[in-house]
Amino acid sequence: MGHRVPRVTQYLTEHFADEGFATLSGYRARGGYETARRVLRDQSPGDVIRMLKKAGLQGRGGAGFDAGTKWSFMPEPHHGPNYLVCNADESEPGSFKDRLLMTRGPHQLLEGILIPAFATGAAMTFLYVRGEYAEPARILRRAIDEATAEGMLGSNVLGTGFAHQVVLVRGAGAYICGEETGLLESLEGKKGQPRRKPPYPAECGAFGRPTTVNNVETFCHVPHIFERGVDWFRSMGTDQSPGTTLFGVSGHVERPGVYELPLGTRLDEIIFEHAGGVPGGRKLKAAIPGGVSMPLLPAGHLDVPMAGEFLRERGSSLGTGGVIVMDETTCMVRVGCVISEFFRDESCGQCTQCREGTGFVHKLFLRIERGAGTAADIDVLEDVAGKMEGATICAFADAAAWPVQGLLRHFRSEFIEHVHTGKCPLPDGFEL
Amino acid sequence: MVSPAVRAAIDEEIAKMPEKRGALLAALRLVQEERGHLCAETIQEVAEIFELHPAEVMEVVRFYNHFHERPQGRHQVNVCTSLSCALRGGRGLLRQIQAHLGIRAGQTTEDGRISLGHEECLGACGNAPMLRIDDAYHLDLDWLRTQQLLDGLE
Ligand SMILES: Cc1cc2nc3c(=O)[nH]c(=O)nc-3n(C[C@H](O)[C@H](O)[C@H](O)COP(=O)(O)O)c2cc1C
Ligand code: SF4
Ligand code: FES
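Line by line, the protein sequences are chains E and D. Per this note's numbering, residue 1 is the first one in the first sequence, and the count goes up by one each step. Per this note's numbering, residue 1 is the first one in the second sequence, and the count goes up by one each step.
The hints are simulated quantities; they were obtained by calculation from the structure and are not laboratory data. Among the hints, a few may not be true.
Which chain D residues face chain E? A few, computed with CB under 10 Å, are given here [said to hold, decoys possible]: (1) LEU28; (2) PHE63; (3) CYS80; (4) ARG132.
For every residue, glycine included, the Cβ atom is placed at its ideal position computed from N, Cα and C.
The whole structure should be built from the sequences, with the hints applied where relevant.
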């Protein structure tokens, strides 16, 4: 359904132009499930975790936590099952890679689930797909049925004696269910309000059992690492962030879309060489490196390798790798209005700082954009954002504060201009 | 009343989960697909199936955007207004649709044909602007194409 095949492909997306790749027979024709068969037959769970730790695969869901380390937190199953969760709630504005991975490569995902399922002793994986993803859910359901019928899932996975089931669960429209403990609540049929930690999911996760949550893309890398080895995987990307990732590029670029590139590829290279730069001969003004939660960077700061360790030096982060590009017609106060509206609407409301703060921040942005703001409003904006950070139940409030701080750090003069002139200096930019 | 077919589908969902309540969202979705919305009586019935207090089910219904307590139009048209779409005219598109249909986001046309809404990022930012009609995504839109889509709805 209208999904463009990525323009730059590597191992994850290599076969995505081939429609047959989404079927079991097409996937097997390319050697699919053979890696999982070999790993489950010949290796122990401990071997698998050791190898993954050596590979240094960083989670691709936004926080960048080391996947092998996370799996090592899981206790041996006792007095009941362990669980795995595949986080397919993708809803960070600017992120659209997991939808592609699910629609074009559902069996790659399932094979990627089997290996950590075996390593963490999980009896079941809950594949939690956001409610709006009806087509991906249909494709995944068919893939699960095919794989179960052919013995890739079920009581004797690939003839190895390992038992594993994948259950698809659909969300119902709530961004916060992407946060891993909000997701667990939702799985249990409750409001998706994040839990206080500890206990962490590895101790007490879904239905009170030890649980590991990983992102769709994180799983998809796994079979490739076990097929071609740690050295191969580490030959791409940076020391701390090996492998490729799927960068989603959107906004004011000539060729928006998904690009599979090594981590550490420079942001300006992604924007100008791959995505074709800004259309219409206009100048680039700013870009967000990893979804709206991450502070933006102004033109002139875009010569940065896209990997957590380098972006942090510039005061931002990799997030989900969703690059949003803004040209010179873009009013940065309007950008603040749009981003803060999202956080106001999606706060789950448990923490006062978050519930009140997101609403207040949005009102301040609107007031400044309308030309009714004062210089004091700009300081209040900064102050409120600062107070939202930390000390909440989940990282949503931080995610709401960071973009505000980025806007004020790099474009304060534009806010001051709104206040001084009593109007928006860029009235012809995008419509609010 | 929840029909026997939907009841059977709910039981199937329950059987997949370690605990009954884990199938609550799926059940609400199934019932809403059949009945169009989730009125107090329906919620009561679902609560009975799950051995929950109706207030607990109501809380869940109100938390998630996809559940509706009131009757909806025959089609749900939802425009993405998050940043990547906004930069490429998503909000202008919503304004034009509102003018074309004579309703605002959150309302239903008088003939019951369309309920209009705006939504947060739908994970199709590379194809902005875009909207969702019922379960289908429509990508890379301009006004002409949007108008054709709207006018083609029964
Ligand atoms: C507010 C919020 C929203 C999140 N949304 C998502 C999401 O949609 N998809 C996702 O994979 N991770 C999301 N995360 C991160 C998850 O909590 C979790 O860290 C991740 O799924 C772990 O997977 P990984 O280690 O493979 O990256 C979100 C986190 C926060 C705080
Ligand atoms: S920080 Fe916000 S989203 Fe997270 S639990 Fe608190 S109120 Fe909910
Ligand atoms: S911003 Fe509209 S689909 Fe992501």
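Consistency of the hints with the structure:
| no. | hint | result |
| --- | --- | --- |
| 1 | LEU28 | 7 Å, holds |
| 2 | PHE63 | 4 Å, holds |
| 3 | CYS80 | 9 Å, holds |
| 4 | ARG132 | 7 Å, holds |
The earlier numbered hints are all upheld by this structure, with none contradicted.
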